[in-house]
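Novice: Model the placement of chain B on the given structure of chain A, informed by the hints.
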Amino acid sequence: MLPNPSTVESVAAAMDMAELRGRSLWADARTRFSRNKAAVVSLVLLILIGAFAVFGSYLTTHERDFIDFSLTGRYAYLGVPSFETGHYFGTDADGRDLYARTVQGTGISLMVGAVGALVAVTVGTLYGATAGYFGGRIDGAMMRIVDILMSIPFMFVLILMLVIFGRSIFMLFLGIGLISWLDMARIARGQTMTIKNKEFVEAAHAIGVHPAKIILRHIVPNLLGIVIVYATLLIPNMIIFESFISYLGLGVQEPDTSLGALIGEGARNMGNGVLWQLFFPLFFFVMTIFALFFVGDGLRDALDPKDR
Amino acid sequence: MFIFVARRLAVAIPTLLILVVLSFVLMYAAPGGPFNSERPLPPEVLRNIEAKYGLDQPFWKQIVNYVVGVVTQFDFGPSFQYKDRTVNDVIAQGFPVTLTYGFWSFVVAVTVGVSLGVAAAIKQNTWLDYLAVGISIGAQVLPNFVMAPILLLVFTLWLGWLPGGGWNGGQWEYLIMPVLALSTSYMASIARITRSSMLEVLNTNFIRTAQAKGLPMRRVIWHHAMKPAMLPVLSYLGPAFVGMITGSVVIDVIFSTGGIGQFFVNSAFNRDYSVIMGITILVGTLTILFNLAVDILYAWIDPKIRY
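As you go down the protein sequences, you meet chains A and B in turn.
Residue numbering for the first sequence follows the working numbering, beginning at 2 and increasing consecutively.
Residue numbering for the second sequence follows the working numbering, beginning at 736 and increasing consecutively.
Pulled out of the complex, with its shape left as it was, chain A reads as follows (with noise of 0.2 angstroms):
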């Protein structure tokens, strides 16, 4: 027997026995996805950034906050990347090595990708299922929300907040929470909407099932599918609205670092003769983003419904 899922962690748990249950059905999907060549080597690039963000400081002795006085007004000939220093990407401008910055930036900005997703498809699904299936004034009030939500400017809002409650990650990824499972809703509720009607969600409201149980267990599973997709393909903009402000320098604060900074820093020092510091995060994160549209497209070829 199943479980009976009642929390929001449980979509995770839902999410498991779909697996299980339509096993035909993922299978397919992933002969469909496996066939897109685009797809399964940006998979495989990702795969390898992400180790690279998590296992990349192994291979270098130098440590991401270390100030190399040394340096100091000569990084322009002294820090160029090189493997006899161990700066395999160079050094920045305060010394510090250029590769752990971003081996640290690539991870924050994952980082800031997988919770900007989890926060969309847990919060995104629960609410744009539960307007979408009561439907009528319930619905109405709560996309009404929605809407009102989506037409602020959220990116100067947040940077009010951040201003306001000081700049840390922490708050950072609170203002990435907020507002990325808007879409999530809208596209969840219309699914649901199209579902709601079929025979099965009719008969278990028949045999008297709690709405409550009749989202989580029979409406979830069932948009899990393109919720997915689109979850993936909301990552490379949480990661650009990340870098995005921590360009600004309102962002990520020092010593750590995101993409977004070190892209802003290399482009500051541009002018000064000291062009990795601008080309080897700006190379991260343009592959980072690449690949994370090409596999969400390539989830989108596999698992849309419209397109069988």
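Be aware that a few hints might be false.
[As the list claims (entries may be wrong)] If we take Cβ atoms under 10 angstroms as the criterion, some of the chain A residues that face chain B in the derived model are:
{"id": "1", "residue": "I139"}
{"id": "2", "residue": "M143"}
{"id": "3", "residue": "D148"}
{"id": "4", "residue": "F155"}
{"id": "5", "residue": "F157"}
{"id": "6", "residue": "M172"}
{"id": "7", "residue": "G265"}
{"id": "8", "residue": "F286"}
Hints listed in this document are in silico derivations from the structure and should not be mistaken for laboratory results.
Built from N, CA and C at the ideal position, the CB exists for glycine as well.
Specialist: Relative to the frame of chain A, chain B by itself:
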């Protein structure tokens, strides 16, 4: 139609009020005031300054004053940082700049994006199509803060063709890079949306009928296919507008164009709350008005929407 517009306004106005109140409450909740510096002021001086800016009054009085000032006179109060200027002065100085390059970015993104998308759809699976799709995929991973340094590197540092920043009254040399950096990723999205919706429309029966009647392709595209194909593009314009106005912050910082974005970031570092709030509210108002305009336009174009 009138009822539709009225109903949309009924949502837009409370949204704006919520935005104003929300930003005021956020500011009020902020720990530390704008006059808390490293060297603390004598208490009596601080008291006098706070009285001058009305910060000594109770919360309700402050918020009512602020909201009334904003709503009736578009008065966002004095800046805490620039002692001789009000927020309105700051906006009056920066906003025309932002509006100028923002307008051109929008025009470039829409015209180039739509032409590219339509061309790709008509010539599907030719080199033109592949080129357009390639450009739009490539440009997608180049948000403004990535595009801007690359442009600077190529056109200023390497080729030396364009000035690396400044505004200079909006001369065209100073406009090119901000507009390019701001519009590229939106142009790409618009091209992609146009292409797919155009392809969808071109496969419908009424287009086949038009072609079967013997109409020239140009007429079929312009008179029959264009209108329905533009609907998804139209609904993308709202998000694109928000994205561009947000992106203007980065553009201002990188190219020192002197738009409101530059003031916004400076104020963010200096805890100049009134400027941040004023700009946030201004941008919010613009966004809401723009979305309203798009919705009305959409309802006017799309015969399927009944109001």
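Novice: Measuring from the C-beta of G265/A to each C-beta in chain B, is the shortest one below 10 angstroms?
Specialist: 7 angstroms, holds
Novice: Per the CB criterion, is I139/A less than 10 angstroms away from chain B?
Specialist: Status violated, d = 17 angstroms.
Novice: D148/A was flagged as interface toward chain B. Is the shortest Cβ-Cβ separation under 10 angstroms?
Specialist: 7 angstroms, holds
Novice: Holds or violated: is there a CB of chain B closer than 10 angstroms to the CB of F157/A?
Specialist: 4 angstroms, holds
Novice: Is the interface hint for M172/A satisfied, with its Cβ closer than 10 angstroms to some Cβ of chain B?
Specialist: Violated - the Cβ of M172/A stays beyond 10 angstroms from chain B, reaching only about 12 angstroms at its closest.
Novice: Do the numbers back the hint for F155/A, that is, is its least Cβ distance to chain B under 10 angstroms?
Specialist: 8 angstroms, holds
Novice: Minimum Cβ distance from F286/A to chain B below 10 angstroms?
Specialist: 7 angstroms, holds
Novice: Please verify that hint: M143/A, Cβ, nearest Cβ of chain B, below 10 angstroms or not.
Specialist: 14 angstroms, violated
In this structure, the earlier hints numbered 1, 2 and 6 are contradicted, and the remaining ones agree with it.
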